[in-house]
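Engineer: Top line first, the protein sequences correspond to chains A and B. According to my numbering, the first sequence holds residues 86 to 461 in order. According to my numbering, the second sequence holds residues 23 to 224 in order.
Any given hint might turn out to be false.
Unchecked claim - To spell it out: a stretch of chain B is covered by chain A in this simulated footprint if at least three of its residues, at any positions, have a beta carbon under 8 angstroms from a beta carbon of chain A; those stretches are:
| no. | region |
| --- | --- |
| 1 | 67–79 |
| 2 | 128–136 |
| 3 | 155–162 |
| 4 | 178–190 |
No lab work stands behind these hints, which were simulated from the structure alone. All of these numbers come straight from a predicted model, not from anything done at the bench. Cβ coordinates follow ideal geometry from the N, Cα and C atoms, glycine included.
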Amino acid sequence: MRLGFCLFLFPLVVQSPLGAQSAGPFDGTNPDSGQPGASREKLSSGLPELPVWSPSDYEGVKKGEIVAGENFFGQATVDPEATIEPSVVDLPEDVEPQPERLDPNELVLSSEQMAGYFHSAPEDPLGEVVFLKDPQDLLSQQEFRDCASFLSYHSKESEINIVLYLFDERQEIPEEYNIEKVHQLYGGLFKDSGPVVSVYFHLGAPNRAQLMMSSEIRAVIPQDEQERALRAAIVEAFEKTDEALQLDSFLGELSTRLYWIERELEIAGLQEKTAGVQPVEDFEVPEGSLEADNLWGAARAGLILLVGLGGLVVGVFAWRWSLRQRKYHFPEVDDERVFGAPHAAGAGAVVTFVDPHLPPSRQRHQEAELERWSDS
Amino acid sequence: MARECPHCAFSIRDVDRVFGQDDVRLRTLTDAAGVLRRKERIALRGRLDQFQQNFPQLFFGIYFGSFRETPSLRQFGFWLLNRGAFEDVDVSRPNEGGILLSVDVGGKSAGITSGYALGPFLSEDATFGALSGAHPYFLEGQWLRASESVLSRVTKVLAKQSRRAEREANELRAHRENTGSSDGGLRGLREHHKGGRKKSEA
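Chain A extracted, bound-state conformation:
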């Protein structure tokens, strides 16, 4: 059996390419002998012809001048002069149009344009004062009506009116029309309506908004609080992207802030004082006395607040202390002992807390026996 197997394998080993390849180097000693026969075998096998040692290569290998496989496994050499063509094409330059550059002088509103804001207190067809000034028609008719309607509503609800002057985003206001001067010069247009807050609002640029309050308000409300109100309104406006909506938000927040300012005015009692007094447009408060009054008012309010707060804290502590010290007694009861238990009958509640989505009542653990315990 073994002999038969060996006889079967012998021709295969002799004819295989491996056998031919392994014989290569040894045939190199006599390259001429047997080479045509081997080539014939390879051609007949259909495989590509194997490389053949030349005598000089063989000698070089023997002397160590040639190392087999050096070209494959040695370190790759880089041609220092080789160049790589750029694979990424430069992107085209940004084609976003540059903002239109206008002449700064063109942005400044002319005196004629500004005069349109201040010729008189405009009235609507129903005879009501319109607190919105938009002679440039920056708002659409609907937006104008909405905004004017809101300001009118505010004037009915509040003692402090808002007079709104609308400008475009990048328009500049001439120096002679800065808000302080305007307020002093033209605030009288609305003097019948009570204290006024003048507002310059640039559509699309809420951060450029300016605000000026009547002198009677300024006498009570500190400057930083006025600025806080303006900043809050600006922040609220930036919550929106649409220009008209920005204006809506701005006015909504300003109206809210003015409500609190109005409350402070009431507290200070200033309104009662000014109610029957002369018009306030020319009311000039000397700076020194104004600061002193502000300081005194703030100190007094702070003192009252501090005393009140202290009293409240002391009261809370005293109440808590009395609660902690209080002792509660129960009458002794002669309850019947059950289940042979000396101290407790054990009919208490049990709640599981496995499922956060179920209320405790659905996780209340009731046992059938418990009800019978209680009944018994």
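Since the structure of chain A is provided, determine the placement of chain B on it from the hints.
Structural biologist: Coordinates of chain B only, in the frame set by chain A:
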């Protein structure tokens, strides 16, 4: 003393067979499950001491354990309040005046057991209300806040019940003085509690 339930024949011997029939020594705050930090233990002990100051006849115990293999947390609470000897509770406060909050940390359940002296004043609904208030904290594993919540609610309920009991005792005393009746006493007082204030007025 009824030795066993007339319906199911349950008695303390049944739970003694499960948990042991000997008394066990423990403190009012026992954290067998090891869920409380040191600061939390100190804070909770302070609250328990405060409870004892407010209620000279009562004490509140809290037990954190893990009872995955035991059948009922209610049975454990019942057994512990009957067999527990609380080291940090004065002898003038027997276990009848004890309230035990047992928390099964592994099995995620909590129960309240109270002694006989609190039977008329601390109903099962009241204890369920206390546990319900603490349910969110139990769900989040905030054991200190859960315990404080339960303790706070139980304190409020008991304070209210104490005031009511005092008021009704005064009314009862005045009624006895007016009518010259000598019967009543503890039994009458208990009947008033069960019937509530409206009933007594009627």
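Engineer: Evaluate each hint against the coordinates.
Structural biologist: A quick look at each hint next to the structure:
For a cut-off of 8 angstroms, the count of residues in the region 67–79 of chain B with a CB near a CB of chain A stands at 6, and the three-residue condition holds. Coverage of the region 128–136 of chain B by chain A holds [criterion: at least 3 residues with CB-CB distance below 8 angstroms; count 8]. By the rule of at least three residues with a Cβ nearer than 8 angstroms to a Cβ of chain A, the coverage given for the region 155–162 of chain B holds, with 3 such residues. Counting residues of the region 178–190 of chain B whose C-beta lies closer than 8 angstroms to any C-beta of chain A gives 7; at least three are required, and the coverage claim holds.
Against the hints set out earlier in the document, no violation occurs for any number.
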